[in-house]
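**Student:** Listed below are the residues making up each chain.
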Amino acid sequence: MIRIALIGCGNAGSYAAVSSRLRRAAFSAAADADPTTARQALGARVDGASLDDLLARRSDSFDAVVIDTPAQTHAELAIKAAEAGKHVLVEPPLALSTADADAAIAAARSSGARLMAGNPARFAPAGQTARNSLDSGELGEPGLLRVHRWEPPSVTSQPLIEGSLAQDLDLAIWLFEGTPTEVYATARNISGHGSDRPDYAQIHLGFPGGGMSIIDYSDGLPMGPGYHFLSLIGSRGAAYADDHHDVNLVYGGGNAQSLDADRGRLHLLAQLQEFVDAIEDDREPSVTGADGRAAVETAVAAMESIASGRAARLEGGRYELV
Amino acid sequence: MSWSDSRGVFKFAALSAVKHAYVPLGVAAHPRFEPVVVADDAEQEAWAHERNARLADELGVPYVRDVEKAIAEYGAQVAVISSQAERHCDLAVRAADAGLHVVQDKPMSTSVAECDRAVEAVERGGVRFMMWNRNFMPSLVQTRQAIAGGAIGQPRAIHVDFYFASDAGPPKGSRKPGDPPMDWYEYQKSAHATGRDGGVGAHPMGELKIEGIYPLAYIQMLVGAKVERVFARATSHFHQVNVDNDVEDLASVTLEMERGLVGSLTIGRIGSGGHPDGSMIKIAALGSKGALVVNESRPEVAVYHRGQTKGPYHQRVGNEGDFLLMESFAKAIDTGGPTALDARAGRAIAATVEAALESARAGKPIAVR
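Going down the list, the protein sequences come from chains A and B. Start counting the first sequence at 1; every next residue gets the next number (the numbering used here). Start counting the second sequence at 1001; every next residue gets the next number (the numbering used here).
Derived from the structure by calculation, the hints contain no laboratory data. Note that beta-carbon positions come from the ideal geometry of N, C-alpha and C, so glycine has one too. Check the hints yourself; a few may be wrong.
Unchecked claim - Output of the computed footprint for chain A on chain B, the stretches with three or more beta carbons under 8 Å from beta carbons of chain A: (1) 1042 to 1056; (2) 1083 to 1092; (3) 1156 to 1162; (4) 1217 to 1228; (5) 1351 to 1365.
Unchecked claim - Computed, partial: chain B to chain A, Cβ under 10 Å: (6) Val-1253; (7) Ser-1288; (8) Pro-1299.
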């Protein structure tokens, strides 16, 4: 039985909703500025104000951590947990720089802890179906991945490119089975809120063999539901995760109102279970630290592209602006 | 709105119909446009004359193997051009110089210089010019009204997916060792015997050139911003004829526009396995106050049955776009007002496509000239 500490409890309700279905593991601790509610929801026995606090007082109460804090803290917390011998699942992004990603990977390697660079997008039905359809040969060779991910402003105000976009960059790398050789990106403030902070980014990736992807992300939507669309065009077929089919209609007078269909939380359970199984089976998780680093490296190239207005090309293992 | 012909009927000459018979047929379907002649240049090949003559029979008008003679003798006020792509602008210039308004099939040309020649002739002649387009599809009309009505505030980003889920000959990788490469022109002629689809021209064209005007015209109509810079990727992913002739059937383009607008276009002829509707055409726009997502295929009726193995099975309903398009063109002639996609807009789209293809080759962003 793996005992898990949830570090950062803003999404504790989602973890709590799936925790009873988790095999070979349970939440034993929670850390946050105000962890009591989360601890109770998770059925955990221990809480603390932070990872440091838990490690100092009750390190014996958990074997692994799930880090779900603001992106700026991910690498530092992953390193601390790994150095303490705890297995680590980090929600995306793994880090905000390749140096920090390397340090997290090195810390896990030297302590023997498992490090999983989490990405719910890989475990969600859209990602799973696209990947499975590629593996079965139904789609042929992947040609074009298109992703829209639009959300209302985040409470945590993640860094746009290297934070919120990390999961989709990882998704693209996973589906094309390789690092992009070309990265071109642009960013804007579209809502007019938050001074000049970009709330929209568009990243254009090129992969070896002609594959391509356009991912656009915004956290500039008005408060309310977000919008997520994925399509993967292959040489023999295509996969579409299109919310035109994920909207229910409500008639209450006037225009029909749309209601986002509940997509459930099974992806969160699947990701947690993979983390637990990798620990129990003493193997690498399906999403490794190196995978997380590749997404970070691509995000950094995208940021350099935005700053320079030029495209970044992978040459000799490094991105160069051209 | 009235469809009445109270302001009169315009006689039109179909100047070559070797590519898309549906353009002159679409024009003829509107009560204010009456075909009077089909014409083409005498030196055209036999297959071209056969197609032109077939259209003339269908329309019940003469076929004349002399464009200038047809213009001079049949009283046409409008020229409807659907020739090989390389000849589009030349025929438009000749028609405009003779004082005819012009409806022209896509692409405007394979060369921006030719587009410039057409722009000059149209403006010199003071005639109305319209590139054939899909801007009056019901969903597009609704989208335009929503954006114009402020539904999303100021448009900031716009994306169009434009996929035709149809085949273009044998799939990529199907040519056997020792077999000769597929000849572009011969393939297009044989593939488009019914004049229903794709593009015909002596020089190979990819999907960006053939179909790019449709989604780029959507963007032009919906946000009204000039594309200033592009970054693109393009590849021959599906069909052997495109591999053999080094033209793309799958492409993605980042669009950087005036006023800080940004957007993208993904386009492809993705094979019949790619979507059961036969096409997947979608618009996603973000504005200062909200967003909208529109599927051009709506409304539709879906039919599923046993033994269904291929072909589109979703039937579109209420496609009145062509009718509304020609209604708008008639109004433009009546009033001297703008057309739905005039020569300068067509030229701008051709320049955007040319820059995108250059960007895909160079791997760099390219300014649109």
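**Student:** So, for every hint listed, does it hold in this structure?
**Tutor:** Results for each hint:
A stretch counts as covered by a chain when three or more of its residues have a beta carbon under 8 Å from one of that chain; for the segment 1042 to 1056 of chain B and chain A the count is 0, and the coverage is violated. Interface restraint, the segment 1083 to 1092 of chain B with chain A: violated (0 residues with C-beta to C-beta distance below 8 Å; minimum three). Residue count for the segment 1156 to 1162 of chain B with a Cβ under 8 Å from a Cβ of chain A: 4. That meets the three needed, and the coverage hint holds. For a cut-off of 8 Å, the count of residues in the segment 1217 to 1228 of chain B with a CB near a CB of chain A stands at 0, and the three-residue condition is violated.
Residues of the segment 1351 to 1365 of chain B with a Cβ under 8 Å from some Cβ of chain A number 3, which satisfies the need for three, so the listed coverage holds. Hint on Val-1253 of chain B holds. Least Cβ distance to chain A is approximately 8 Å, under the 10 Å limit. The beta carbon of Ser-1288 of chain B is positioned within 10 Å of a beta carbon in chain A (closest approach about 5 Å), and the interface hint is therefore held. Proximity of Pro-1299 of chain B to chain A is violated relative to the hint, the smallest CB-CB distance being about 12 Å (cut-off 10 Å).
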